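Sequences listed follow chains X and F, in order. Just so we're aligned, residue 1 is where the first sequence starts under the numbering used here, counting upward by one. Just so we're aligned, residue 1 is where the second sequence starts under the numbering used here, counting upward by one.
Be aware that a few hints might be false.
[Stated by the list, open to error] Heads up, simulated DSSO-like pairs for lysine-lysine below, C-alpha to C-alpha not over 30 Å straight-line:
no., chain 1, residue 1, chain 2, residue 2
1, X, Lys128, F, Lys225
2, X, Lys162, X, Lys222
3, X, Lys128, F, Lys315
[To be verified] These stretches of chain X come out as covered by chain F in the derived footprint (C-beta under 8 Å, 3 or more residues):
no., region
4, 48-61
5, 96-106
6, 115-128
I should point out that these hints are in silico values taken from the structure, not numbers from a laboratory. Keep in mind that this is a model prediction, so the values were computed, not measured. C-beta atoms are modelled at their ideal positions from N, C-alpha and C, and glycine is treated no differently.
Number of protein chains: 2
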Amino acid sequence: MASVTIYDVAARADVSIKTVSRVMNNEPNVRPQMRERVLEAAGALGYAPNLSARSLAGSRSFVIAVFVDASLTLDHWRSERGSDYLQRIQLGATVESRGAGYHLLVELIDHDDPRVRQEVGALLAALKPDGVILTPPSCDNEVVLELLDKAGTPYVRLGPEKPEGLGPRVHMDDVAAAREMTDHLIGLGHRRIGFITGDQRYGASQARREGYVAAMKARGLKVDKAWLQPGDFTFESGHKAATALLALDERPTAIFASSDEMALGALAAAAEAELSCPGDLSVAGFDDSPVSRLSRPQLTTIRQPLVEMSTLATKMLINGVTRKAEAGTGPRDELLPFTLIHRASTAPPKG
Amino acid sequence: MASVTIYDVAARADVSIKTVSRVMNNEPNVRPQMRERVLEAAGALGYAPNLSARSLAGSRSFVIAVFVDASLTLDHWRSERGSDYLQRIQLGATVESRGAGYHLLVELIDHDDPRVRQEVGALLAALKPDGVILTPPSCDNEVVLELLDKAGTPYVRLGPEKPEGLGPRVHMDDVAAAREMTDHLIGLGHRRIGFITGDQRYGASQARREGYVAAMKARGLKVDKAWLQPGDFTFESGHKAATALLALDERPTAIFASSDEMALGALAAAAEAELSCPGDLSVAGFDDSPVSRLSRPQLTTIRQPLVEMSTLATKMLINGVTRKAEAGTGPRDELLPFTLIHRASTAPPKG
DNA sequence: ATGAAAGCGCTAACAG
DNA sequence: CTGTTAGCGCTTTCAT
Numbered sequence: 001m002a003s004v005t006i007y008d009v010a011a012r013a014d015v016s017i018k019t020v021s022r023v024m025n026n027e028p029n030v031r032p033q034m035r036e037r038v039l040e041a042a043g044a045l046g047y048a049p050n051l052s053a054r055s056l057a058g059s060r061s062f063v064i065a066v067f068v069d070a071s072l073t074l075d076h077w078r079s080e081r082g083s084d085y086l087q088r089i090q091l092g093a094t095v096e097s098r099g100a101g102y103h104l105l106v107e108l109i110d111h112d113d114p115r116v117r118q119e120v121g122a123l124l125a126a127l128k129p130d131g132v133i134l135t136p137p138s139c140d141n142e143v144v145l146e147l148l149d150k151a152g153t154p155y156v157r158l159g160p161e162k163p164e165g166l167g168p169r170v171h172m173d174d175v176a177a178a179r180e181m182t183d184h185l186i187g188l189g190h191r192r193i194g195f196i197t198g199d200q201r202y203g204a205s206q207a208r209r210e211g212y213v214a215a216m217k218a219r220g221l222k223v224d225k226a227w228l229q230p231g232d233f234t235f236e237s238g239h240k241a242a243t244a245l246l247a248l249d250e251r252p253t254a255i256f257a258s259s260d261e262m263a264l265g266a267l268a269a270a271a272e273a274e275l276s277c278p279g280d281l282s283v284a285g286f287d288d289s290p291v292s293r294l295s296r297p298q299l300t301t302i303r304q305p306l307v308e309m310s311t312l313a314t315k316m317l318i319n320g321v322t323r324k325a326e327a328g329t330g331p332r333d334e335l336l337p338f339t340l341i342h343r344a345s346t347a348p349p350k351g
Numbered sequence: 001m002a003s004v005t006i007y008d009v010a011a012r013a014d015v016s017i018k019t020v021s022r023v024m025n026n027e028p029n030v031r032p033q034m035r036e037r038v039l040e041a042a043g044a045l046g047y048a049p050n051l052s053a054r055s056l057a058g059s060r061s062f063v064i065a066v067f068v069d070a071s072l073t074l075d076h077w078r079s080e081r082g083s084d085y086l087q088r089i090q091l092g093a094t095v096e097s098r099g100a101g102y103h104l105l106v107e108l109i110d111h112d113d114p115r116v117r118q119e120v121g122a123l124l125a126a127l128k129p130d131g132v133i134l135t136p137p138s139c140d141n142e143v144v145l146e147l148l149d150k151a152g153t154p155y156v157r158l159g160p161e162k163p164e165g166l167g168p169r170v171h172m173d174d175v176a177a178a179r180e181m182t183d184h185l186i187g188l189g190h191r192r193i194g195f196i197t198g199d200q201r202y203g204a205s206q207a208r209r210e211g212y213v214a215a216m217k218a219r220g221l222k223v224d225k226a227w228l229q230p231g232d233f234t235f236e237s238g239h240k241a242a243t244a245l246l247a248l249d250e251r252p253t254a255i256f257a258s259s260d261e262m263a264l265g266a267l268a269a270a271a272e273a274e275l276s277c278p279g280d281l282s283v284a285g286f287d288d289s290p291v292s293r294l295s296r297p298q299l300t301t302i303r304q305p306l307v308e309m310s311t312l313a314t315k316m317l318i319n320g321v322t323r324k325a326e327a328g329t330g331p332r333d334e335l336l337p338f339t340l341i342h343r344a345s346t347a348p349p350k351g
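Using the sequences and the accompanying hints, generate a full structural model.
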């Protein structure tokens, strides 16, 4: 019942606790023979160093925290969006942490609440995490960033497009991705292309719209205001926006939605309007979420390297790359490539 | 930079550190006036008790761990199943933990690996979590349960149908749910009902099949072997199984899939066979995952109370209900109700 | 290459 | 009601 401590191991191996400590931390200056004895004793006793003690006495906590916005996550759950955005981020971080002997703590924070300063301050003081991964849109919160800086806690911002130079980040070029998808549609021969925007609380939404507009303009295509429909990433909003687009006098021959769920909504709207896809209407999504493969036709979409992003972010944190980065070395900015995945929902327009 | 400690607060409030400790832990025997002074000082200093120190000195760690199977989760990710099973479980646990000042640690464990004993043993020794939530199928792993018992760590098994009396659990009656769905189809007038089973590594898969078989037999309907098709919860497996079912000489008029993703696969197979749903073929799913609303027609399915289950499990852990339960008091077994959600994919058969 | 001593910041068990 | 004294199990100095 009483757990085995470093003293038990030291006694059994007949060495000092310091030697045990050295072995457990892979420190130098231990003869192979001693190391062997300690390892044997630790194994026999089933010893594992107590994390709290290590963290209290030492300078590391072996904890990586992931900050996730509370209200948006609850929203997400209630609206049953069906995106596995956070899940994919978490997967990369969990696997990478585990590999390095770290533990992943998931913390909800109200990044829009005035109490965020108190809340995050307390969190950092209590947890003393060795690193923090900031998911959108918390990655853009200046109070959070300031507290992190003040506490000297290394962090990585995941996905933010906008505020540059605010701290290390790992992200994707949403503007370029949206541009490429729009170019893809134009390349197929589409000229009237409708766009459905995402939830404005996420920075990526604006970036994607920018990419769309930029690509249209670059090809000399005018962007009719009516072709820009608001959405919030949900199926319903996509359905509604697409219905509006398809009711236009000169209706678009293609619709580019800022999320796969909205693209599915557009697909449903097309079916209701008795338009076939991709014959009468091409539909493109964004995210390559699992649902993009559950529709007929399957969606042409943009694959975001979310798992790779969180894996890299975790690696940076654990390797202390960020710490060095803060001292002026190492990369502070990693841009990961996206992929346009061409499936069955986009094709040349009829006629 | 140097963090503020209990001594700083005590000095500023001109009390002993013990009084500060009492206030921070809401212990009795502190005059309101003292409490006020301490609170003021703590607020001014931005003090939050260090978790490691609390956990090292005291008997609580303020950490709840969620054990998730590593290889299945990676499988899940690679196959892009699109289920938000774990996400919903985690949501309930995270919100509930946060409300009580606890923190949620997500740990991947290889529950099928021979090293699981060593791995989980080390995890418990290092973390000393105040409670562990076991998700399927780790909740059925006897080595894990044994280690937990030996370590005296309270835990709750989430979802397990099978091994009873092995420890506190919060679950749903999968057998009854599958029976009810089958009854629903029979009630609509269906007699030839195909069934697609789930991944056999999950206990729920067998339970759902049992429910289906029981309902059929209870109504005096024979279960043709060919009507039981194997699946693994994925869209593709559902597609394949449904294709096989629809190729039968006497094809079923309804298909009951053990997951929503497989039901969507069945929907796709029906479309390819030029069968309309629900006109020519009724399709039912299981889980009420977000994707069940992204199809046309939307799926009739079973809603699992996953968030409620994990919320309750967390509550039990934090309130120490389990600890008492282990001493003989309190409920060791919570059965939460499911809901049959009737949407558009099921209807009476033609003719 | 190894060990002894001194805390890390807090709670527990007592005193008063 | 409040304070004092010991540790919790480790890592850090700093000796040897």
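So, going through the hints one by one against the coordinates:
1. Distance check on the hinted pair: Lys128(X) and Lys225(F) sit about 58 Å apart at the alpha-carbon level, beyond 30 Å; violated.
2. Restraint check for Lys162(X) and Lys222(X): the C-alpha separation of about 26 Å stays at or below 30 Å, so the hint holds.
3. At most 30 Å may separate the alpha-carbon atoms for a hinted pair to count; Lys128(X) and Lys315(F) meet this at roughly 25 Å.
4. Given a C-beta distance limit of less than 8 Å, the hint that chain F covers the region 48-61 of chain X holds, as 9 residues qualify and 3 suffice.
5. Closer than 8 Å: that is the beta-carbon criterion, and the region 96-106 of chain X has 5 residues meeting it against chain F, so the requirement of 3 holds.
6. Under a criterion of three residues with beta carbons nearer than 8 Å to beta carbons of chain F, the stated coverage of the region 115-128 of chain X is upheld, 8 such residues being counted.
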